[in-house]
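Enquirer: So you can see what is in the structure, the chains are spelled out below.
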Amino acid sequence: MDERALPMFTRRSLMLTSAMLAGGAALGGLSRGAAAQVKDMDMWYWGEQELPGLQKYVNDSVARYKAANVKPMLQDTAVVISQFQTAAAAGNAPDVQYLWNGIYHMESVWLGYLRGLNNLVKPEVLAASNPTLLSHFGGDVYRTGWYPLPMFWCYNKALFEKAGLDPEAPPKTWDELLVACDKLKSSGVEALGGGIQDGYWSEWYITHSLPQQLDSFGEAVELFIGDRDFRDPKYHEHWVKLEELKNKGFLNKDMSSLELYPGIDLVVAGKLGIGQSIGTRMPADSKATGGKIGYMTMPVFGKGKLAATPVVDVQGLGISKDAEDPAAAAAFLEFLQSPDQLKAFWEATSWLPSNTTFDASVIQDPSVRGLWQNWGLTPNISNVTNLVPGQFYERAAIPTGQQIVAGSMTGEQAGELAANTAKEWKDFNPDMVENYRKWAKDLASPT
Amino acid sequence: MTPSSRLTPYLYVLPLVALLGFVFGYPLLKIFEFSFKMVRGIDGPWIGFRNYQLILGQSLFWESVLHNLQLLLAIPVMVAISLIVSVLLAERVAGWKLYRIIVFVPFVLAIPIVAVVMKRMFQFSGPVNEMLRWMSLDFMALDWIGSSSVALWTVMILIIWRESALGIILFLARLLSLDESVTEAAKIDGAGWWRRLWHIIIPEMRGVIEFYVVVSVITMLAAVFSYIYIMGGGRGGPGTSTEVVELYIFNALIRSSLPGIAAAASVMLFLVTGILIFLLFNVRQRAEATQ
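Going line by line, the protein sequences match chains A and B.
Per the working numbering, the very first residue in the first sequence carries number 1; after that it's consecutive.
Per the working numbering, the very first residue in the second sequence carries number 1; after that it's consecutive.
Please keep in mind that the hints were generated in silico from the structure rather than gathered at the bench.
Glycine included, each C-beta is placed from N, C-alpha and C at the ideal position.
Possibly wrong hints are sitting among the right ones.
What the hints assert, rightly or not - With a straight-line cut-off of 25 Å between C-alpha atoms, the simulated PhoX-like cross-links for lysine-lysine are: (1) A:Lys-426 with B:Lys-97; (2) A:Lys-71 with A:Lys-172; (3) A:Lys-423 with B:Lys-37.
To be verified - Stretch-level coverage of chain B by chain A, calculated; a stretch enters the list once three of its residues show a Cβ under 8 Å from a Cβ in chain A: (4) 69–81; (5) 84–90; (6) 254–261.
Let the sequences and hints guide you as you build the complete structure.
Expert: Next up, the structure:
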């Protein structure tokens, strides 16, 4: 070791090094301080499962968003609600949470896990996103809409032509439907149906048919909690109509053993005349058939104010009570509704964002564009089954349709089962009854 | 031995016992606690035996119990199939090693996989019915998974097919350990196949058969969720025709947001299964004693 060099290095270099270290530390502190200005937020969401491309869109969006560090997490289907509610009960809910419509988020509202958005999100943004009436409670709104799910009856135009029916004028009334089914059957194809084995067809049937006898969704809530009676013929007429379709031999024979989507595939494949479908399938189905998939509202038999109104369910996002900075979370929701983001949503998912200001000129497929114009931009109603308590859904909403289609239950018996289940729900959930009654008041207007 | 040296082994296992107590004991206590509460979110008010009253007064619960009991009918069939197949394999018929692999395969495959495949096969327009129609047996082409009166029997066919493999494994292991000189002597004395089976082999295998029966009873009461979930369209359907107690608990917890009800039903299932496990241990002790 060169001992002469040591004192020189020690005295001058030490001072210089110390100064540099101190300066570096100060700068580091400053940069950390600057970083601390940017909020950290958690976002739990679902939807890639029904809308491929959504995960990419979310990842790109949070990367683009500079006002906060948003950490997204895709949830598993089975735990979307329970994971959020458990976290909220423990005080650790994410700032932004994906919310299915109606009761699927309203229960969290009643438990105090969600914040009202009226004073957080700009009113014009909130309204344009169409969170639907089902997100209203006690004068506040608890979600922004994210993407819409138009629900409709689909039909195969080629089979209509083959049966001598006008493919551009689908049946509008129940009698017209029966005539159409008869002609389809005579032409050698199965007339109507799909797959009910997993139960969703049963739910969708209620979605389209029950509102036909209702004047408002508040009336539906009263039915589901037993304040009105399913044994009243007008409230179970939709199940009687399903029984009529069964008895006339219009339903496809393998309906009970097929699941929902393979059932819709039958319509697309030209093996079934009429079915039930959902908007997210439309681009692919329309492409697969060269535009031969038509859409219509369920032919009318009822006399309620909601009859023949297009159904648009909407998935949404909300802000939890645990959000550290609710205003920052609201700003992120507004960012997702900005024109650039709406365009990015379409590009990533090939599907529509839920926003009435979305520039629909980018939609090339006339069927999809027509669906958006006729369903998304006209007065519409949400999905009535989103009002159904879980117990009623499992015990009555799903089994009734399945059993009628299987021929082991009549429409009247379905009404009896539904009435008994509503009563049973009250016994099991006495603490929820008042919340539902209050909600019914929020839902008293027709749309 | 000093008192401290007697305690030493217990001290070594204490951390693991404490860990197991926390992992299994705490949730179990919570389930018992929840069963007496109207739980919303993660807690709720104490309501005594109300959850139990509601469950026991609900027709759906009893329907679910009845379906579990109906599944018990599969056990004699499983025992018979397992016994006959294992005896044939033990006699080393030509190609027995290949057959052994084939009959074990169902047990190696995960239940969701076999259930999904079976579900496709048993659809109304699926391969099973197509084959029946091809054989001009149209009257046998049932709506296997779509008819309320047939669906549970179809699930039972699947359960028998898969769970019999366990019986064959157990029975074959026991058969291969038997003293062959006894059956050989009986054969020389002119005893036929059935007679040897009935008077020599089955009595020798009594212990393992009892063990298999108890395990199968527990399976039918508390471990058929995967079969039912997939074959019944995730809902115990059509209607509620394949709903069992496990699915009842799942629905109460996940789909009806009723953790208290789910906990009370779980406690009842736990107690019934606990009694059966107690019986199982007794049977095993007896089997070990006879061997």
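Enquirer: Can you list which hints this structure breaks, lowest number first?
Expert: 1, 2, 4, 5
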